[in-house]
Amino acid sequence: MNQPPVLDVVGVVKRFGGFTALDGINLTVAPSERLGLIGPNGSGKTTLISCISGSLIADDGQVRFQGQDITKLTPHRRTGLGIGRSFQIPRPFGSMTVAENVAIPLEYVGQGSRKEIASEARDILGLMRLDHLADTDARALNQIELRKLELARAMACHPKLLISDEAMAGLSGNEVDEILEILLAVNQRGVAIIMIEHIMRAVMGFSERIVVLDAGKKIADGAPEEIMRNPDVERAYLGE
Amino acid sequence: MRIGWFYPIALLLVLGGAFATKHVDSNFVFYAGYVVLQFIVLATAWNILGGFTGYVNFGTAAFFAVGAYTTIALNKALGLPLLAIMPIAGIIAGLIGLAAGYFTLRLKGVFFSIATLALAVVLETAVANWGYVGGASGSYVIPPAEVPFFDNYIEGLFSLMLLLAVVAVGIARYIALSKIGRGFAAIRDDEVAAECMGVPTLRLKLIATTLSGALMGIAGAPYPFYVTYVEPTSAFSLTYAVNSIAMPLIGGTTTWFGPVIGAVLLGSLQQWATVTISSELNLLIVGVTLVAFVVLAPQGLVGLARKLFGRGGRTP
Amino acid sequence: MLDLFLNAIAAGILLGGFYAAMTVGLTISFGQLDIVNIAHPAFIVLGSFCTFVLHEHAGLDPLLAGVLLAPAFFCIGIGVYSVYYGSFERRGDESLRGLAFFFGIMFILEVLLIMTFGVDYRLVETSYIGESIKIGVIGLPFRMLVPFLAALAMAGGIYLYLSKTFTGRAILAVAQDRLALQLMGADPVRTKQIAFGIGLGTAAVAGSLLIMLGPVEPSVGRLYIGRIFAIVVLGGMGSIGGTIVAAIILGVVESMVATFYGPSWSPAVAFGFLLMTLAIRPSGLFGR
Amino acid sequence: MASRIVAENLSAGYGAVQVLHEVSLRVESGETVVLLGTNGNGKSTLIKCLTGIIQPTSGSIYLERDGERINLAGRSPQEIVNLGVALVPEGRRLFPKLTVTENLELGAFRPAARERLKDNLAFCFEAFPRLAERRHQMAGSMSGGEQQMVAVARAMMSDPQVLLIDEPSVGLAPILVSRMIEKIKELHDHRALTVLMAEQNFNQAIKIADRGYIIVHGEIAFEGESADALKNNEMVKQLYLGA
Chain D
1 MNQPPVLDVV
11 GVVKRFGGFT
21 ALDGINLTVA
31 PSERLGLIGP
41 NGSGKTTLIS
51 CISGSLIADD
61 GQVRFQGQDI
71 TKLTPHRRTG
81 LGIGRSFQIP
91 RPFGSMTVAE
101 NVAIPLEYVG
111 QGSRKEIASE
121 ARDILGLMRL
131 DHLADTDARA
141 LNQIELRKLE
151 LARAMACHPK
161 LLISDEAMAG
171 LSGNEVDEIL
181 EILLAVNQRG
191 VAIIMIEHIM
201 RAVMGFSERI
211 VVLDAGKKIA
221 DGAPEEIMRN
231 PDVERAYLGE
Chain Z
1 MRIGWFYPIA
11 LLLVLGGAFA
21 TKHVDSNFVF
31 YAGYVVLQFI
41 VLATAWNILG
51 GFTGYVNFGT
61 AAFFAVGAYT
71 TIALNKALGL
81 PLLAIMPIAG
91 IIAGLIGLAA
101 GYFTLRLKGV
111 FFSIATLALA
121 VVLETAVANW
131 GYVGGASGSY
141 VIPPAEVPFF
151 DNYIEGLFSL
161 MLLLAVVAVG
171 IARYIALSKI
181 GRGFAAIRDD
191 EVAAECMGVP
201 TLRLKLIATT
211 LSGALMGIAG
221 APYPFYVTYV
231 EPTSAFSLTY
241 AVNSIAMPLI
251 GGTTTWFGPV
261 IGAVLLGSLQ
271 QWATVTISSE
281 LNLLIVGVTL
291 VAFVVLAPQG
301 LVGLARKLFG
311 RGGRTP
Chain C
1 MLDLFLNAIA
11 AGILLGGFYA
21 AMTVGLTISF
31 GQLDIVNIAH
41 PAFIVLGSFC
51 TFVLHEHAGL
61 DPLLAGVLLA
71 PAFFCIGIGV
81 YSVYYGSFER
91 RGDESLRGLA
101 FFFGIMFILE
111 VLLIMTFGVD
121 YRLVETSYIG
131 ESIKIGVIGL
141 PFRMLVPFLA
151 ALAMAGGIYL
161 YLSKTFTGRA
171 ILAVAQDRLA
181 LQLMGADPVR
191 TKQIAFGIGL
201 GTAAVAGSLL
211 IMLGPVEPSV
221 GRLYIGRIFA
231 IVVLGGMGSI
241 GGTIVAAIIL
251 GVVESMVATF
261 YGPSWSPAVA
271 FGFLLMTLAI
281 RPSGLFGR
Chain U
1 MASRIVAENL
11 SAGYGAVQVL
21 HEVSLRVESG
31 ETVVLLGTNG
41 NGKSTLIKCL
51 TGIIQPTSGS
61 IYLERDGERI
71 NLAGRSPQEI
81 VNLGVALVPE
91 GRRLFPKLTV
101 TENLELGAFR
111 PAARERLKDN
121 LAFCFEAFPR
131 LAERRHQMAG
141 SMSGGEQQMV
151 AVARAMMSDP
161 QVLLIDEPSV
171 GLAPILVSRM
181 IEKIKELHDH
191 RALTVLMAEQ
201 NFNQAIKIAD
211 RGYIIVHGEI
221 AFEGESADAL
231 KNNEMVKQLY
241 LGA
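Protein chains in written order, with my numbering: chain D, 1 to 240; chain Z, 1 to 316; chain C, 1 to 288; chain U, 1 to 243.
I should point out that these hints are in silico values taken from the structure, not numbers from a laboratory. There may be inaccurate statements among the hints.
So, partial list: chain C residues that the calculated Cβ filter (under 7 Å) puts toward chain Z [as the list claims (entries may be wrong)]:
(1) S87
(2) L96
(3) G104
(4) I114
(5) R222
(6) F229
(7) P267
(8) L274
(9) L278
Here are the simulated SDA-like cross-link-like pairs (lysine to any residue), alpha carbons at most 20 Å apart as the crow flies [to be verified]:
(10) K183(U) / S143(U)
(11) K237(U) / M228(D)
(12) K307(Z) / A140(D)
(13) K118(U) / G168(C)
(14) K118(U) / S163(C)
(15) K108(Z) / G92(C)
(16) K164(C) / A122(U)
(17) K179(Z) / A118(D)
(18) K164(C) / R116(U)
(19) K108(Z) / D177(C)
All C-beta atoms in this analysis are idealised placements derived from N, C-alpha and C, irrespective of residue type, glycine included.
Just chain D, with the same shape it has in the complex:
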């Protein structure tokens, strides 16, 4: 943990009208760390990663990525710096094939020639076990394939930090394992990962560290075993 953090979130606040979705969140992620972000429904997880990836701009506080202040940058600039995200509800480019979907970030974030892009797209699709569907129209995919495409596209942004927003919700046990294996393989390549997940088995097994949000506040931050013993976390989930 003595390396400088790849991501440093300081006192981030986000309000929607009168509703405070994030109330001064602090969060750091070390290079190639696996971080689980959990919390009851509506606790602010998706809002937080939107402030990190740029689809929302924090009302207050600061987001730093590799030491650079990115609080107010547009999403595509952040992507260019190395933040990749998947969407909770898949948002494929419906008029394109799977390979073309992956090529978009490769082309706009990377610098490669058409040939290099094509071969890298193949690599990524291979990693995601989507290579057999490379020439299929994205709108013809099923749920698990769409989730994998989301991750594949996020990987194609050449991220140093990958944010996986509920990539496993609604999937079967085997499918969850498959996504977990993929994410581990991604992590092995030195990519830090923030995993948002409701499936406890998955997130507890995957993460080196867990951060728990409740009602827009961070209530716990520690190793999975600690978190499970933490009375505040139990209270957040089970109530008092």
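Position chains Z, C and U against the provided structure of chain D, taking the given hints into account.
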């Protein structure tokens, strides 16, 4: 790099057209052909923004007329020849496109559409009040008596418009097959996802509005020489807008050749129909065709053909 | 000079009231339902010509004709929205093809009117149109005063309908959360049909006011597109009160410009208004 | 007026993902039944099935009202609301640009509730004095807790016999959660409501429960015939925290 089939065919088309001027005697062919080609340019230009990125420009007539009136003004003031005026017309119309996009595209897309619609009205009023270019009563342009290489100026204009059409379609095709075009398609499919995948969406949209506007302006520049008498109501006629929208939607908006198909079909039909039926009925047909296609065949003829040949399904 | 100034203001207020009548239907369809009905001014012109026919051939008072036409326009509105819903809104295809659809309708209406009536200007004459009353130095011509009062009455009626009836409240809510409205027991499609119908109904009345104000030709609607969209946006996208205030502001500014710089600049004022509104304050002056 | 809800062998999902597998449950007239489980297990999907927001792929849903048996499957949300079944949806789903009063008035859209609008409005303002103070405020500008009050009050405005509540605790601080839960009990007692509440906050939910179901991976994993039976269940902690 491979040359591919497009450029040789394009070259052949231009040469063939120029060759035809030497061997076809009927001027009607060139008068009618000019209009169809002009619609190919306008439809293609509209589609670079509307079809590729999904933002609707209602102001084709405004950009077209900017080109036409640039010619009138510069021809009168400096006596510049058409070929020198065309790039200037493109720059002016392109800047107007850029400004309209810059002010409205950060908001919801419909505001851009509304702004272009209002732009047409305001520019028309401005021109109608501008005495130097003839005001509301219009002005005459005297075409040059001699045109190098051609027997008469209409053949020259026809060949020029043919070249322009080929260049415009070439640009649209180049974009469609390039990084920019893939970025456009990403914006059209899902702008939020595109932005998160590193696509600079605002910049790309501004490129589209500028380029689209510039091509429309260039297409309008030769217009005064074609009609020889220009007045605001004809230069700003809504028929340019409705045609440039109807043609891509009929052909198919997501490809570079959809607008060409639509322009050739609808343009030729109109040229044929103006001879046989009244011009109002003619316009009514365009309007009804537009509405019928958007309601019944939303992907246009290209989409219908694809459905017929079953592309887009799942490859086993 | 002061006389001129006061008269310009008075004329602007009256003009603004008339603009409000033209806009209030769009405030509902665009502001509240999110339907970009750019054919609205074309329907207003259709209303003008229907008024003209009823006045010419049946001798009806133009305002009465407008009111009688409103139910027919209401029904047209239900039909238009049903097609729009089935073809675009349900498929999520409003932004490109939905816009082109209304543009096509606008064009068709204009061409049909040209085919039926030619491109000449038409007007209506009634006993009161030529009159005017004088208050001090200010002259208020009836041909502007009547549209102004009719506009206020119509806008007021719609305001009451929207805030005091159950269907009216559902109209205010439908664009905000469709599912939540279903959970209140209301049918969103039905609600939007009614709302869009009302929007077009106002176009009939506005059309009769338009032809009362001055002669009308088939393509005159286009001149108002920039104005009425600017008013909807400036008025806060869906607020009836905001629409009236924004319309009067535009009317006064236009009237001042026309008085002191010449009437040929009026359309430019509206466009400047629209651009300024979009660039500086897209939520409008009176956003809720 | 007695109303009970019976669902048998419900299966449902979104596209290719099947979320509910043959779920059966019943809510007797006047009962408060809680549907427990962490997110992603199918609580919301079940509630959405009962209110017509999504249609089940198989199985049946009946509302029994004074001996009359009404099939709910295949009906739209608005039809179901008109039968006297109100839903407080997940995420509240207020009309943010309408005032508190306007939101509540919309709650009374159902023809059967219109004539009682005044009484019900007074009742809601009495139950939630905070809302009476803020009746002219835009709903979107209110805090999370206040918004949840509006959502519950708005559902009450339709004069329901059956009240379904989906995750009332979402996004609320703990103290507000417990107040909201108590308020739901109070409304239940006052109006003799039949209540089905989906909630992940276990200890809060069972405070007011007569009975409950724990739903795991789209199946009923445990059926507790009393609050105590739920409380003493070993399964709960394991399910919730993966311990």
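Against the structure, the hints:
no. : hint              : verdict
1   : S87               : 5 Å, holds
2   : L96               : 5 Å, holds
3   : G104              : 4 Å, holds
4   : I114              : 6 Å, holds
5   : R222              : 6 Å, holds
6   : F229              : 5 Å, holds
7   : P267              : 4 Å, holds
8   : L274              : 5 Å, holds
9   : L278              : 5 Å, holds
10  : K183(U) / S143(U) : 17 Å, holds
11  : K237(U) / M228(D) : 10 Å, holds
12  : K307(Z) / A140(D) : 15 Å, holds
13  : K118(U) / G168(C) : 18 Å, holds
14  : K118(U) / S163(C) : 16 Å, holds
15  : K108(Z) / G92(C)  : 15 Å, holds
16  : K164(C) / A122(U) : 18 Å, holds
17  : K179(Z) / A118(D) : 13 Å, holds
18  : K164(C) / R116(U) : 15 Å, holds
19  : K108(Z) / D177(C) : 18 Å, holds
The structure meets every hint from the earlier list without exception.
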